[in-house]
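**Student:** Listed below, chain by chain, are the residues.
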Amino acid sequence: MVRWERITVLIGKEWLELRRSRGLLLITLLPPFLLSIFTVVLIFAMGIIPDPDIASIPVATIDPALAGLDLGALTQVIFGRQFALLFLLLPTIIPNVIASYSIVGEKNRRTLEPLLATPISVGELLLGKMLAAIIPGTVLTWVCALLFTGGLVFVAIDSVVPTLVIRPGWILLLLLSSPLLALISVSLTVMVSSRANDPRSAQQIARVLIIPVMVLFFGQMLGLSVFQPLLALLLSAGLLLGAVVLVWLAARVFQRETILTHWR
Amino acid sequence: MNAIECHRLSRRFGTLVAVSDLDLEIPAGTIFGFLGPNGAGKTTTVRMLAALIRPSSGSARVAGYDVQTQATAVHSVIGILTEMPGLYDTLSALENLTFFGRLYGLSATQAVDRVSHYLRLFELWERRNDPVGSFSKGMRQKLAIARALLHDPAIVFLDEPTAGLDPAAAHAVRQVIKTLRADGRTIFLTTHNLAEADELCDLIGVFRNRLISLDTPANLRARLFGQSVRVVLASWAAPLVPLVQQLPFVTDVVAEERVLSVRLTDPERNNPVLVRTLVAAGADLCYLEPFTPSLEAVYLELLQEAEQPAELPLHKS
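Protein sequence lines, in the order shown, are assigned to chains A and B.
Sequential numbering of the first sequence, starting at 1, is according to the numbering used here.
Sequential numbering of the second sequence, starting at 1, is according to the numbering used here.
For the record, the hints were derived by calculation from the structure and aren't laboratory data.
Mixed in with the good hints, there may be bad ones.
[Claimed, not checked] So the derived label-pair ranges between C-beta atoms look like this:
| hint | chain 1 | residue 1 | chain 2 | residue 2 | range |
| --- | --- | --- | --- | --- | --- |
| 1 | B | 192 | A | 109 | 21 to 31 Å |
| 2 | B | 54 | A | 195 | 20 to 30 Å |
| 3 | A | 210 | B | 54 | 31 to 41 Å |
| 4 | A | 198 | B | 133 | 11 to 21 Å |
| 5 | A | 146 | B | 54 | 40 to 50 Å |
| 6 | B | 133 | A | 195 | 40 to 50 Å |
Glycine residues also receive a C-beta, built at the ideal position from the N, C-alpha and C atoms.
Please work from the sequences and hints to get the whole structure.
**Tutor:** If you want it as structure tokens, here you go:
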């Protein structure tokens, strides 16, 4: 039986440590906000100085919704859609950074043994550690996506631009996939942390998750409509399956005995 | 009632046998000293008893709970001071203790009360809001001990509790350990400080992958060194050795300058005969005193014995 009181106490401690570690806080918070700001600024600039070649790229000719747009609006939509995909990277990076410092940090400070000697179960400990990384990662992704949306509405040169960028498929993908990507990222971090003695080594594993996002990124450039609700649902289902497998594997690594006798 | 019981408790790591067939019964309210060289398997034993790792074979019960099937119950009734203090450097002393207190199931109010009590007891109250990363080794050790006691555990495992402490702080820790015993708690003390073990422990276990000996410090001394007296003379002692050796109750005699160390079977009955014999032989006696070997001598003797092949005599004549 999961005792949520202990999990919330653990999450509270994790976040307190995060707040106290200014460097970690900076590398966690700053990049997402910079991503939101820079993408909006770039979309604004592209609306004013559009790229004349943009009309010839595959997506501009394939998608009928883009027909009839002037060059500025077309540039904003095409780049807006590409930038929107980048927000899927945030739930892979932020939780990974938090979890790697949390788990490898406990290992280096030798705090895991006294922690494991308390009545908290290993499952609760793992759940607390994961949630402490997943919640800020997911919430921050959503907040930044909201900032991007607000900024896009503000800088759009045509009122149709936001409706062509912020589509139900993207919203669905962000809402469903962000926590799942965060869960996958943290599970991989837990597994790697058992062997890593440096948080930065443990962070390398999350780079793997950049690959599917990049596939979507380039697929969209080539004309694939990745923001369809059905595709978003299918992608999320695939991520859910992957997350279940990886959580199971992480739970196998994160055993009291394994941590005390094999983690070095 | 026994606080800790193990039956043939063993733990192997691959081909390495860290703990072999440990049989142990520690009555409640006892301070048990667990002595042994580095790499003897002491930490592995403590981890098994604290339900942190599973035995390869055998069984153990701590406060009546099975360490293999009732790990959570075991964790709630024990306190543990690990080899390394294991504290969160960016959190304050107050935050560290409160966090662990809450994990041990204390309510917010209880945690505040207990934390302030132990911070004052270990003279850390003035530094309660400072990050633990700024603490000295001794202060960290005291904080880790406070953490082990926070939830009022019935059984406390202490690994080198006074290591790194200044004499005054070490004295304070020993007083706390005595107070815990007076309150009826059981202390499982792992230490290399044999003087400390001698001062505190009711029961001593000497261990090197297996239990070499288990007894009270007094019985260990008596078993290994018998009952000895030191006779201090006004003149050289060596010429008297043959005379003393002839006495039927003397099991061993050693002369060193003006001192005769004599091992007897029953000092109360033998001492008058010994004194009469020496005086009759013309020896000038200054005084006679009971001889108590140090626990260190007992410990080294036991380890040496354990190394000897079984067919050789274990005790000195």
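**Student:** Okay, residue 192/B versus residue 109/A on CB: inside 21 to 31 Å?
**Tutor:** With a Cβ separation near 24 Å, residue 192/B and residue 109/A satisfy 21 to 31 Å, so the hint holds.
**Student:** Using the C-beta atoms of residue 198/A and residue 133/B, is the stated range 11 to 21 Å upheld?
**Tutor:** 19 Å, holds
**Student:** Assuming the hint says 31 to 41 Å, is it satisfied by the Cβ distance from residue 210/A to residue 54/B or not?
**Tutor:** 40 Å, holds
**Student:** Quick one: are residue 146/A and residue 54/B within 40 to 50 Å, going by C-beta?
**Tutor:** Hint holds: Cβ distance 49 Å, inside 40 to 50 Å.
**Student:** Looking only at beta-carbon atoms, does the pair residue 54/B, residue 195/A fall within the given range of 20 to 30 Å?
**Tutor:** The hinted range 20 to 30 Å holds for residue 54/B and residue 195/A, with Cβ atoms some 22 Å apart.
**Student:** Are residue 133/B and residue 195/A spaced within 40 to 50 Å by their CB atoms?
**Tutor:** At 26 Å between Cβs, range violated.
Hint 6 from the list above is the single one not met by this structure.
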